[in-house]
Amino acid sequence: MSYEIIGVSVLWIFLYGYLIVASIDFGAGFFAFYAKVTKQDHVVNQLIARYLSPVWEVTNVFFVFFFVGIVGFFPETAYYYGTALLVPGSIAIILLAIRGSFYAFENYGSKQSTVYTFLYGATGLLIPASLSVALTLSEGGFIKETNGTVSLQYLELFTSPLSWSIVALAIVSVLFISAAFLSFYAARAKDYPALKLVRNFALFWSTPAIIAAMTTLIFLSQHNERHYESMLDLWWMFGLSVGFFMIAIWLLYRGKLYGIAFVSIMLQYLFAFFGYGIGHYPYLLDPYISIHESATHESMGIALVIAFIGGLLLLVPSLILLMRLFLFNADYVKGKK
Amino acid sequence: MELDTVLMSRLLTAMTLGFHIIFATLGVGVPLMISIAELIGIKKKDPYYRLLARRWTRGFVISVAVGVVTGTAIGLQLSLVWPNFMQVAGNVISLPLFMEVFAFFFEAIFLGIYLYTWDRFKNQYIHWLFSLPIIIGGGFSAVFITTVNAFMNTPDGFTVENGTFAAVNPITAMLNPATPTKVFHVLSSAYLTCAAILAAITAFMILKKKTTAYYKKALKLTLTLTFIFAVITAIAGDSSAKFLAAHQPEKLAAAEWHFETEEGADLLLFGWLNDAHEAIGEIRIPKFLSFLAHGDFNAEVAGLEETPDEYWPPLWVHYMFDLMVTIGFFLPAVALLYLILSKLKKRDEHNKGMLSLIVLSGPLAMLAIEFGWIYAEEGRQPWIIRGYMTVEEAATSSPHIGLMFFLFLALYVVLGTLCIVTLRKVFRDNPAEEELEKLYPSVEKGDKS
Chain A
1 MSYEIIGVSV
11 LWIFLYGYLI
21 VASIDFGAGF
31 FAFYAKVTKQ
41 DHVVNQLIAR
51 YLSPVWEVTN
61 VFFVFFFVGI
71 VGFFPETAYY
81 YGTALLVPGS
91 IAIILLAIRG
101 SFYAFENYGS
111 KQSTVYTFLY
121 GATGLLIPAS
131 LSVALTLSEG
141 GFIKETNGTV
151 SLQYLELFTS
161 PLSWSIVALA
171 IVSVLFISAA
181 FLSFYAARAK
191 DYPALKLVRN
201 FALFWSTPAI
211 IAAMTTLIFL
221 SQHNERHYES
231 MLDLWWMFGL
241 SVGFFMIAIW
251 LLYRGKLYGI
261 AFVSIMLQYL
271 FAFFGYGIGH
281 YPYLLDPYIS
291 IHESATHESM
301 GIALVIAFIG
311 GLLLLVPSLI
321 LLMRLFLFNA
331 DYVKGKK
Chain B
1 MELDTVLMSR
11 LLTAMTLGFH
21 IIFATLGVGV
31 PLMISIAELI
41 GIKKKDPYYR
51 LLARRWTRGF
61 VISVAVGVVT
71 GTAIGLQLSL
81 VWPNFMQVAG
91 NVISLPLFME
101 VFAFFFEAIF
111 LGIYLYTWDR
121 FKNQYIHWLF
131 SLPIIIGGGF
141 SAVFITTVNA
151 FMNTPDGFTV
161 ENGTFAAVNP
171 ITAMLNPATP
181 TKVFHVLSSA
191 YLTCAAILAA
201 ITAFMILKKK
211 TTAYYKKALK
221 LTLTLTFIFA
231 VITAIAGDSS
241 AKFLAAHQPE
251 KLAAAEWHFE
261 TEEGADLLLF
271 GWLNDAHEAI
281 GEIRIPKFLS
291 FLAHGDFNAE
301 VAGLEETPDE
311 YWPPLWVHYM
321 FDLMVTIGFF
331 LPAVALLYLI
341 LSKLKKRDEH
351 NKGMLSLIVL
361 SGPLAMLAIE
371 FGWIYAEEGR
381 QPWIIRGYMT
391 VEEAATSSPH
401 IGLMFFLFLA
411 LYVVLGTLCI
421 VTLRKVFRDN
431 PAEEELEKLY
441 PSVEKGDKS
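One line per chain: the protein sequences are A and B, in this order. Heads up: the first sequence at position 242 corresponds to 242 in the working numbering, and the numbers run straight through without jumps. Heads up: the second sequence at position 295 corresponds to 295 in the working numbering, and the numbers run straight through without jumps.
It is worth saying that the hints were derived from the structure and are not from the lab. Hints are supplied without guarantee of correctness; some may be wrong.
Unchecked claim - Covered stretches of chain B, going by a simulated chain A footprint (3 or more residues, C-beta under 8 Å): (1) 69–81; (2) 194–201; (3) 219–231; (4) 241–251; (5) 390–401; (6) 405–411.
Ideal Cβ positions, reconstructed from N, Cα and C, are used throughout, including at glycine.
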């Protein structure tokens, strides 16, 4: 396997990792705000804060990892995406900055403020929307290069049903994944009032999540036929994805095995995300950047892969330690430590 | 319009970096101070030092959050604002950028663990051990990102074919000539600055309230550390000057207004330039520039005349250099004065004048970091990759950059203000004395000696 395929696979795995951990984080922020407005904050906010506090910084790193990695493996992406994404990218940075720092101001700074909670919750939904623009752009048709100047076609972007359906998919997926995770976490903590609330959230958001996925697929078939066709060749991946979705919903509905329900949702998104990604091959930006033509020099590509393996050897044990101390430590989850 | 885009790109990056390095410096240095305080506390079974570690950590978390989000901003801005630079240089520098993220990842994981496990282990050393990966992660982040900056100053590890970089050797690029001195100087000055800032906060508290055993111990520890790191930083600065003389003579020459190549060159402090490029009103230290550059009072120092005019850095970097160096001498002097006073039985080292000097040295240390970076960055103008790519060729062509500048300006004003407000609130609502009683009730009350 060539190093650029390894590179793009690794990056895709990290983007998937970010999709899951960030969804939990973003959605939790929204639910925390929603609970506060509807005067249910005493029920869930303790639960949310106990999970988020030790891990929010780690979530952020997944994202940094992805964008540093993609520029590293494929420097051409910096030229096209960098120029075109100046405005949406900057907005995403500002939202991320507000979100991250306000979280710390509120939680470590002993200041309880509805404004902070509102900004924290609202940015949690706006960030996925602004980041998903990059996915829309990758389908092609929104970036033009004339006389060596790259520009983003805002009118096309804002009037495209594809871009709006991707935004909708991102937002409802965030809420669905997050609520399912919080159900699992609440069940572990044996916090039944919280569980009841977040389980309802999860069941509620499952329907828009699957509808948004379908509409995105339809609009994609109109926008980029090549991509759609190659995704059809991978029909079995999307079939598995739907299958895991059904398992998850059934378990949530029956109100048991929340851990397996959440894993099913992870697998549901895993298959859909990889089916989408593999179908995208060989383009990173249709039709300007293809994986093989834009890859960095071989020596750098190999060095990056080696650095990646070395880094994982360091990170995986550390992440396991983090999870054992907080996520899977029954006493901590219940609030006894 | 072309020039405006470039100028706005430079201003946006300067602003983001200028804001970020405040928090980045704290992020690198403060964990070391926390770890030292906790270790002393455990070893001596002294609750004061352990409380010190706890309280520093509480403030540190808030600054870390701002550091993380502004660091994310600068990481993305590299590609958004300088797309042409990343397209070309990405081939050579992505390895250290990637490794920097790993170091940051490592730090982030253990910071979470450290923060939430204060009383979780019976053996106190286990909790202390978790501070080490934070120090290592923070330190290595600084090392890797500094190698990127070093590469931009003295590019190495590639050949040029058809206008693009070829035959790339990522390791050689990382270990370019500027790397050793830069890394040394960045790390030592970060530790120095954090020690000085923590000393300044302590001195300020003593001035405002009263001298308690807790603050006395904190002041002695931080000033001792300030002195040690100031001496190390001076050595680092000296080796940086010698590096510049050997590899980037125009940067040193611009800092010293040294136009003509000569032997036994004088060192100029402050002053200003007249139209004929002669320094007026300066303090002149004979032959000292030769000594600074080559360790020999009669050595020849290359002047700016060796560099074509269009590649001259701006001459105002002289002031940045002078201010940085002046503060670099002020900090150890203050720390040493305090340490001497504390040894003399008859003198009270906690007098108002002494404390005021210490309070002053904290912000000055951070200013020196800013001046040093401005000097290092502006001294490389007009290049973004010295000798290969100018900043004009590297900037984005997007017309929206000006708007982005003001958006980010607003963001940093809000973040900076709220950070200070939150930090003040954290400490004012929770005085050290009360916390000490709550956490360690065994400590005798009213220990105000």
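Outcome of the hint check:
| no. | hint | in the structure |
| --- | --- | --- |
| 1 | 69–81 | holds (count 12) |
| 2 | 194–201 | violated (count 0) |
| 3 | 219–231 | violated (count 0) |
| 4 | 241–251 | violated (count 0) |
| 5 | 390–401 | holds (count 5) |
| 6 | 405–411 | holds (count 3) |
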